[in-house]
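There are 2 protein chains.
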Amino acid sequence: MELSLNTATVRKQWSLAQIIDGCARHGIRGISPWRDQVAQMGLSQARKSIREKNLVVTGLCRGGFFTAKHWRDDNLRAIEEAHELGARSLVLVVGGLPDGSKDLPGARRRVEDGIAAILPEAKKAGVPLAIEPLHPMQAAERACVNTLEQALDLCDLFQEGVGVAVDVYHVWWDPKLHAQVQRAGRRILGYHICDWLVPTRDLLNDRGMMGDGVIDLASIRSSVKQAGYAGFQEVEIFSERWWARDPDEVLEICKARSAG
Amino acid sequence: MELSLNTATVRKQWSLAQIIDGCARHGIRGISPWRDQVAQMGLSQARKSIREKNLVVTGLCRGGFFTAKHWRDDNLRAIEEAHELGARSLVLVVGGLPDGSKDLPGARRRVEDGIAAILPEAKKAGVPLAIEPLHPMQAAERACVNTLEQALDLCDLFQEGVGVAVDVYHVWWDPKLHAQVQRAGRRILGYHICDWLVPTRDLLNDRGMMGDGVIDLASIRSSVKQAGYAGFQEVEIFSERWWARDPDEVLEICKARSAG
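Residue numbers (my numbering), protein chains in the order written: chain A, 33 to 292; chain B, 33 to 292.
Hints listed in this document are in silico derivations from the structure and should not be mistaken for laboratory results. Please note that the accuracy of each hint is not assured.
Identical copies go unnamed one by one, so any copy, or any two together, can satisfy a pair.
[What the hints assert, rightly or not] Under the rule of at most 25 angstroms between Cα atoms (straight-line distance), these lysine to any residue pairs were calculated in the SDA-like manner:
hint, residue 1, residue 2
1, Lys156, Glu192
2, Lys208, Arg43
3, Lys44, Thr232
4, Lys134, His210
5, Lys156, Glu173
6, Lys257, Asp135
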């Protein structure tokens with residue numbers, strides 16, 4: 033699989049402009065930027081630089097957060113930006129429990145309604161929506177869609193225009209993973225890699241570099257390919273350890289550890 | 033539901049002897065001790081004290097760890113101790129990945145084989161085995177059974193003598209929770225409560241007191257009752273914060289927060 037770099041991986045060392053240059057310099061052909069970095073650089077400048085370097089925008093991070101205020105406007109802007117950048121999908125981190133709420137089924141209904149509300153605009157803009165199930169430990173704060181099965185049940189409601197992003201960090205533990213990857217088939221819009229460290233010291237920012245943890249990446253990649261996914265594998269590592277390293281070195285290690 | 037105290041909740045402040053006295057003093061009628069505490073007190077002394085105070089041993093923690101060395105002998109001893117204490121079940125924390133392994137399906141097969149191996153002894157001793165699905169964030173280190181559905185699929189293989197322990201901390205996020213609780217029915221051998229804090233600062237020892245987090249305890253309790261569970265609710269809080277508090281106060285708060 034070709035390599036894409038999720039820009040979060042070196043966000044503390046480099047600006048988006050530097051990351052775009054870095055990808056080109058290291059022969060990484062895909063990029064998946066975060067919207068705050070795009071805004072900082074300026075949308076048209078980001079678009080221009082990415083095109084000049086001939087990078088594929090494998091995804092834009094992120095839309096979603098349907099349980100927060102201003103979710104509609106925010107998602108419509110995200111769709112526009114994804115369209116402008118020619119992103120292959122807009123990644124949806126769907127949002128967790130609203131402040132003060134314990135109503136998880138209610139939050140899940142709001143996610144369903146939110147996707148229904150923005151889908152027509154996404155289709156018009158030619159931007160596929162990629163629902164990303166997040167690890168159950170993120171259910172309260174970030175995403176109440178927590179398994180691939182649940183994400184695909186959502187997709188089934190909408191059919192066209194909606195798929196999933198499979199991030200190994202979030203789904204590696206799932207006893208139904210391989211069955212659900214096959215069920216997903218061509219609805220897999222993104223495939224994200226990193227590793228699960230033992231021990232894991234933080235719920236958010238202690239992801240591992242591929243090979244440093246316990247995820248059977250070869251097996252998941254093979255399953256994803258078998259399902260018909262022919263896109264990039266995107267390295268996405270949130271880690272205080274890797275944010276403290278030389279970013280050129282980080283990119284070289286990403287390349288070496290994702291080969292095969 | 034009547035209250036039981038999992039002894040881990042005040043393990044840093046009190047010995048098992050003190051916990052037994054504490055339960056009696058505070059009118060808590062159930063207790064679920066850990067084996068290391070029982071060993072420290074002495075099995076026959078623990079048994080004697082628990083009987084004198086007329087406490088119900090709602091579970092013994094724990095058997096399992098089928099992917100570790102000496103799992104067979106260790107589980108056979110655990111079954112004996114559960115029998116001696118008259119425990120209503122032996123809780124199985126099934127174990128995670130063996131050292132150096134990334135083979136989660138393989139670990140899961142070892143769990144299945146392990147349960148099959150000890151079940152005849154458990155039945156002979158009249159000790160029901162309660163498979164406890166652990167939160168997916170514990171898949172590598174503690175238990176590769178991570179959803180109630182998966183635990184019940186295991187139960188289905190064995191039929192008699194095996195059920196589940198439902199701990200809200202591990203399963204609250206699951207979109208299939210209520211359906212699987214109903215499927216479990218009378219196979220629910222234990223019901224454990226605490227709360228999920230936002231934010232959660234540690235993967236192991238940052239559980240919350242009931243009411244301090246986002247778990248909809250009323251809804252889960254109602255579902256568990258509807259499934260036919262008529263046992264105790266057992267407070268099990270691993271928390272550096274609560275281990276630093278006066279244990280008598282902790283027990284009073286447990287009582288107040290679990291009423292209803």
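Do the hints match the structure? See the list:
1. Lys156 <-> Glu192: within (12 angstroms within a copy, 56 angstroms between copies)
2. Lys208 <-> Arg43: neither (33 angstroms within a copy, 36 angstroms between copies)
3. Lys44 <-> Thr232: Answer is both: 21 angstroms inside a copy and 24 angstroms across each meet the 25 angstroms cutoff.
4. Lys134 <-> His210: between (31 angstroms within a copy, 15 angstroms between copies)
5. Lys156 <-> Glu173: neither (30 angstroms within a copy, 46 angstroms between copies)
6. Lys257 <-> Asp135: Between. Shortest inter-copy distance 19 angstroms satisfies the 25 angstroms Cα cut-off; intra-copy 37 angstroms does not.
In this structure, the hints that do not hold are numbers 2 and 5, in rising order.
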